[in-house]
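Visitor: Here is what each chain is made of, one letter per residue.
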Amino acid sequence: MNGMHSMRMTMQALLVKALVLASLAPALAEEPAAPAAERSALDAEVQELRRQVVDLNRDLFMLEEDLLFPASTQVAVFVSMDVGTFFALDSVQIKVDDKEVANYLYTARELEALKRGGVHRIWLGNLKAGEHEIVAFFTGQGTHERDYKRGATLTIDKGVGAQYVELKISDKQRKLQPEFVVRVWE
Amino acid sequence: MPAAVLMTVLLAAAAPADGAAAGGLPAVKVQDLHYGDVLFHFYQQEYFDALVRLAGYRDQGRLAAHARDAELLRGGLWLSLGQHREAREIFERLLADPATPPPVRAQAWFYLGKVLYAAGQFEESGRALRSVTAALPAALDPERRLLLAQGLMYRGRFDEAVAELDGWTGAPEWTAYAQFNLGVALVRAGRAERGLALLDAVGALVTENAELIQLRDKANVAIGYAQLQAGRPAAARVALDRVQLAGSQANKALLGAGWADAAEGGYRTALVPWLELHERAVQDGAVQESYLAVPYAYAELGAIGQAVEYYEQAIASYDAERVRIDESIAAIRAGRLLRAALATRDDGRQGWFAQLAEVPDSPESRYLYHLMAGHEFQEGLKSYRSLEAMSANLARWTDNLGAFGDMVETRQQALATRLPSAESRLATVDIGTINSQRDALRARYEAALAGRDVTAFATGEERGWLDLLDGVDAELAAHPRDAGLDDAREKARLARGVLMWRLDEAWKVRTWQAGRSMRELDAAVYDARTRQTASSRARQGAPERNAELGRRVDAVAPRVASLATRVEAAKAAQERYLAAIAVGELEAQRRRLDEYSVQARYAIATIYDRASAQGQGP
Amino acid sequence: MTLALALPLPAAMAAEGPAAPDFALRSVAGANHRLSEHRGEVVAIVFWASWCGECRRELERFERLRRTYANAGFVVLGVNLDKDAAQARSIAAASGIGYPVLLDASKDVSKAYDVDDLPLVVLVDRHGVVRARHDALDEREERGLLVSLRDLIDE
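Chains as they are written, first to last, in the working numbering: chain A, 1 to 186; chain B, 187 to 804; chain C, 805 to 959.
No lab work stands behind these hints: they were computed from the structure.
Do not take every clue at face value.
The list that follows gives simulated cross-link-like pairs (lysine-lysine, DSS-like), each with its CA atoms no further than 27 angstroms apart [claimed, not checked]: (1) C:Lys911 - A:Lys99; (2) C:Lys915 - C:Lys887; (3) A:Lys128 - A:Lys149; (4) A:Lys95 - C:Lys915; (5) C:Lys911 - A:Lys149; (6) A:Lys95 - C:Lys911; (7) C:Lys887 - A:Lys175; (8) A:Lys95 - C:Lys887; (9) A:Lys175 - A:Lys115; (10) A:Lys128 - A:Lys172; (11) A:Lys115 - C:Lys887.
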């Protein structure tokens, strides 16, 4: 009997101890582990690679732009939003000299980004010096209207430097009626 | 730790200014557009894209108007990618600049504190976090307090850590983590009472938040086992009963609940959770232990036969599991780990494992459920995924560069054929001559204006009359003393008078029209001149610019290639590292099974011994 | 339609290699969906139409797969080629599908993906790279598809 009892105690004690340790160890949710030697070297390499990849991507990003859209012919069109009331932008179409160059569908995620002040570069292209006509439409849904659609036309005079057009969807002029507010920069 | 509310309000102070504010005239800030472009990607959590654009636009000088905000954002983006060194440099530079405005400064201190914390430098981290002023956006403050408290905790300064938490009635999303970590640390440090109080705050949370519910379960499990160890089974049971039956902590809770009952002699009650556990997947440590706990309870209740049966079943199961573990280890050593690193999502959720039953599992996959929970493995896997993304990125650019090279070559050929003809065409346009002709015309115009020469603006018809009149006058002048011509002379004088009067009347209008035409002419000449300059400049520069682009393409190609090679090597090394962790974990599991096997055998032997000693059979 | 690059490139520069052409389409429910927003997840694009008899079975199979693997980061996008959205809507509703059914009436997207026969399933990995195409529906292909899918999710 004693043997059985003591076996029971030992087992119980053993089991409970093992459990408590086992459960508390992973219980600590956050632990910046002290780096083991091997991990450090690996981590350092990954960090270095990532830095170089970012730098390289930056250079490539600029090279691509210079190559495909040199400043002398570059024209960029941006879309931004400044709407006080609810407006679910659905899409924006851009035509340059009567040719459609962009037809962009906006997702919920992108809409959120625009509302917070993000600006979307919807089109980057090349235009010869001189006058060009840009026609833009946006569609969306406001609080009352289904399939609300508005447009804007502008003529730009392309000079020798890069030119930027901002299409801001704004209801500052007339509440509940967002429209395009156009700004052009060189 | 909840996915860091990464800088959601970082830019509250830095939103692009509303340019149209002042009196309808737009503040002409081109930089708004490009900074906004970066934000567009940032707000969609596309941190890599945002950072690349930010760095690019910065180099092109397109962000001058937002220089400091952009720097803060750049630092934050590096931080979000795990690049502590780059982030740290940026924040330190911002702080060293006396012109940095308070809101930016406060955030720089905060993020510096965060970087230092992640690097394990808790002392400096604490100093940085305390340097944060009231200018910090409110939404970042809870995280600041959490980092402060935990930094103290890791330095063993528990009382100060607790003091930090005292009276902090912040959002539970943050406070709960601090309370949990601190609670566990205190219990481990032997200060159970304080620790349990903190854990209980988490264990009693009322919430719908999935992550907090998980944390609550963990807290209750921790309380349960701590109370068991302290010999307070009733208190343990209270906490364990709060754990969800279908969560990741359920098994541990069931096991502990059984032990709580057993500690009070309630073996029949203990069998309830233990038998439930016995039916669950055997890879789980708590389930494996239930294989011993159940027969133990039966033995205590005198059901020796069942006890032995269960013990023997346990041994068989352990043996079978050990074989499968060995297969898994072999598979991992054969390089099949990452197939087996079942993709929990980057946020570490493991919920899908319940559905594994529907899908035939592979040898490697069975144990890694536990492995995935490990912090070290998670971090290692993140690095691996990062390397994969880099690999894909570089492969894409390699393709693009090939296309770029083709473009440069095509353009070079086009310029070679088209330029000469363009040259010759442009040569026929003589701006010089056009200019002098225009100058002459302008001189005449101005002379006419100055001398009020009304005839200068006569129409063709009027000029005809003038000529006619001149002719008549000349005739009349040839016969000055012919009285018969007096009448004609008078008529001619009148006609001229009328004509001149008419010209005089029309003077204003005509000079204005002529002036406008002069201006239009000027504009056209100016236009032609600038176009010619531009195209001449373009013409001259084009081959050089193209060659320069070609040089840039050639220069960057080897960078891409060598980085790609290094990335592949790092991936292989990372895979080996993960394999080592996995094998280590599996071997630990096998050792545990070995121990359990031994205990089961020992238990059976003891039972037989006792039975034979008493002359009874099982 | 832009490609999976930072800037929209002229058509002549269409991505070589297996990068999945990015696209955005409207769903029958009215929301817009963009493929590149699912980077980090494994995506199965199921091309189908009302005139394809076997497509319905494929749609339903993928609903089952979606439910099994959703928590592991698996996303299904149905792309319908009918001219008339009403057909797509009713079939989708009848099949009890929980994933978005996108309308490609102009067939721009299916052209970008070289869709000939229906149904066609394209598997895209977490980094936006096309890793498998499955068209026929016999048993062998089914198993092959399941293996490809599990491999991608396991990565």
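Visitor: Now look at each hint and say whether the structure bears it out.
Guide: Tested hints:
1. C:Lys911 - A:Lys99: Status holds; Cα separation ~20 angstroms.
2. C:Lys915 - C:Lys887: holds (15 angstroms)
3. A:Lys128 - A:Lys149: violated (30 angstroms)
4. A:Lys95 - C:Lys915: holds (23 angstroms)
5. C:Lys911 - A:Lys149: Satisfied, since the Cα-Cα distance of roughly 24 angstroms is no more than 27 angstroms.
6. A:Lys95 - C:Lys911: holds (21 angstroms)
7. C:Lys887 - A:Lys175: violated (37 angstroms)
8. A:Lys95 - C:Lys887: holds (25 angstroms)
9. A:Lys175 - A:Lys115: At roughly 16 angstroms apart (the allowed maximum being 27 angstroms), lysine 115 of chain A and lysine 175 of chain A satisfy the hint.
10. A:Lys128 - A:Lys172: violated (34 angstroms)
11. A:Lys115 - C:Lys887: violated (33 angstroms)
Checked against the numbered hints given earlier, the structure breaks hints 3, 7, 10, 11 and satisfies all the rest.
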